[in-house]
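Everything in the sequence shown is counted per the working numbering, starting at 486 for the first residue and increasing by one.
Calculated from the structure, these hints are not laboratory results. This one's a predicted model, so the numbers in the text were calculated from it and none came from an experiment. Treat each hint with caution, since some may be false.
[To be verified] Under the rule of at most 20 angstroms between Cα atoms (straight-line distance), these lysine to aspartate or glutamate pairs were calculated in the DMTMM-like manner:
1. Lys671 to Glu681
2. Lys799 to Asp778
3. Lys719 to Asp791
4. Lys747 to Asp766
5. Lys719 to Asp739
6. Lys812 to Glu775
7. Lys808 to Asp791
8. Lys747 to Glu813
9. Lys670 to Asp791
10. Lys747 to Glu775
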Amino acid sequence: MIDLFNQFQDYLWWVFALPAGYVFGKILEKTFFKYLHKFSRKTENEIDDKIIDALAKLAIPMSCILGIWVAYHNSDVLAQFNSEIKKASYIFTIAVLSWSVANLVVEITRIQLEFMGKEVHRSSILSLILKGAIYVVGALFIMQVLEVSIAPALTALGVGGLAVALALQDTLGNLFAGLQMLASKKLKPGDYISLEGGQEGFVEDISWRNTTMRALGNHLIIIPNSTVANTVVKNFILPDSQNSVLVAVGVAYDSDLEFVEKVTIEVAREIQKSVEGAVVDHEPFIRYNEFADSSINFNVILRSGDFTSQYVIKHQFVKALHKRYEKEGIEIPFPIRTVYLKKDKAEE
486 MIDLFNQFQD
496 YLWWVFALPA
506 GYVFGKILEK
516 TFFKYLHKFS
526 RKTENEIDDK
536 IIDALAKLAI
546 PMSCILGIWV
556 AYHNSDVLAQ
566 FNSEIKKASY
576 IFTIAVLSWS
586 VANLVVEITR
596 IQLEFMGKEV
606 HRSSILSLIL
616 KGAIYVVGAL
626 FIMQVLEVSI
636 APALTALGVG
646 GLAVALALQD
656 TLGNLFAGLQ
666 MLASKKLKPG
676 DYISLEGGQE
686 GFVEDISWRN
696 TTMRALGNHL
706 IIIPNSTVAN
716 TVVKNFILPD
726 SQNSVLVAVG
736 VAYDSDLEFV
746 EKVTIEVARE
756 IQKSVEGAVV
766 DHEPFIRYNE
776 FADSSINFNV
786 ILRSGDFTSQ
796 YVIKHQFVKA
806 LHKRYEKEGI
816 EIPFPIRTVY
826 LKKDKAEE
């Protein structure tokens with residue numbers, strides 16, 4: 486009877502190991518780490534918040550592993566599988582820690598780069614490289630647990646490296662092209678660019694293989710990194726995000742050009758001060774440039790704080806200028822063509 490009770494007790498350890506570990510981890514997450522979160526929010530540093538987040542995510546899986554270890558040391562039901570259970574526990578622990586450390590390192594790197602004023606942290610290629618390096622280290626530890634010799638594996642990788650490099654030539658070319666673009670600081674997520682092939686849009690991401698652009702029509706353009714690196718790129722964000730906004734205007738030949746200039750600049754100043762996205766302290770100006778067929782043409786030069794604001798600036802300026810010209814009696818002429826009809830002698 487006692488043996489039966491002991492055997493039943495041994496089974497109970499394993500039945501309740503994972504549920505008890507899960508409940509314990511949930512309690513830690515909702516009490517201890519919640520208290521730490523309240524304390525960390527009082528600090529200006531964001532890194533401690535990320536560390537606590539990473540540890541909180543480990544609470545449940547590590548508590549489950551702890552439950553398995555408690556059952557393992559207090560029950561003989563699975564004694565014949567002792568070695569396999571230990572290895573599985575080690576592998577699971579290494580895998581969970583590798584995942585947590587990789588995410589934590591990426592977040593801390595992002596915060597540090599943000600603090601330094603860098604913007605490459607928004608690119609997925611950086612996080613992929615950091616995570617890949619940590620996962621490789623974790624895989625090496627798992628190989629040690631499985632008693633797989635690392636030296637022959639490294640030798641095999643070295644011998645097969647050339648073959649892999651040749652097979653993945655295009656992929657590696659895109660990877661290094663992406664790294665080169667980020668390192669040069671001439672192109673980064675958030676920039677508005679135009680390519681030689683006519684594609685243009687905001688850079689959404691530079692991954693290990695592709696550069697993703699979002700066009701103004703809100704559709705995505707996906708281009709291999711090597712293509713972007715080897716083409717002519719116009720970056721509308723560098724050296725700064727401000728852009729000149731040119732609006733072409735034409736007035737009648739009998740207009741007083743000095744008066745036209747005065748009125749046009751007054752309207753442009755109002756637009757620069759009132760429209761969201763316009764550079765408030767910019768002094769607009771005009772430049773006459775052409776005696777056209779039916780008008781004297783000129784450009785009005787305004788300035789926007791970013792690329793997309795130019796459209797609303799043009800929109801508001803054209804409406805305001807048209808209204809002001811009507812008020813001042815300034816004529817915007819229609820195209821005029823004089824047509825001469827030649828009569829045939831037979832008709833005469």
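Consistency of the hints with the structure:
{"no.": "1", "hint": "Lys671 to Glu681", "verdict": "16 angstroms, holds"}
{"no.": "2", "hint": "Lys799 to Asp778", "verdict": "24 angstroms, violated"}
{"no.": "3", "hint": "Lys719 to Asp791", "verdict": "15 angstroms, holds"}
{"no.": "4", "hint": "Lys747 to Asp766", "verdict": "18 angstroms, holds"}
{"no.": "5", "hint": "Lys719 to Asp739", "verdict": "40 angstroms, violated"}
{"no.": "6", "hint": "Lys812 to Glu775", "verdict": "25 angstroms, violated"}
{"no.": "7", "hint": "Lys808 to Asp791", "verdict": "26 angstroms, violated"}
{"no.": "8", "hint": "Lys747 to Glu813", "verdict": "11 angstroms, holds"}
{"no.": "9", "hint": "Lys670 to Asp791", "verdict": "19 angstroms, holds"}
{"no.": "10", "hint": "Lys747 to Glu775", "verdict": "19 angstroms, holds"}
Hints 2, 5, 6, 7 from the earlier list are contradicted by this structure; the remaining hints agree with it.
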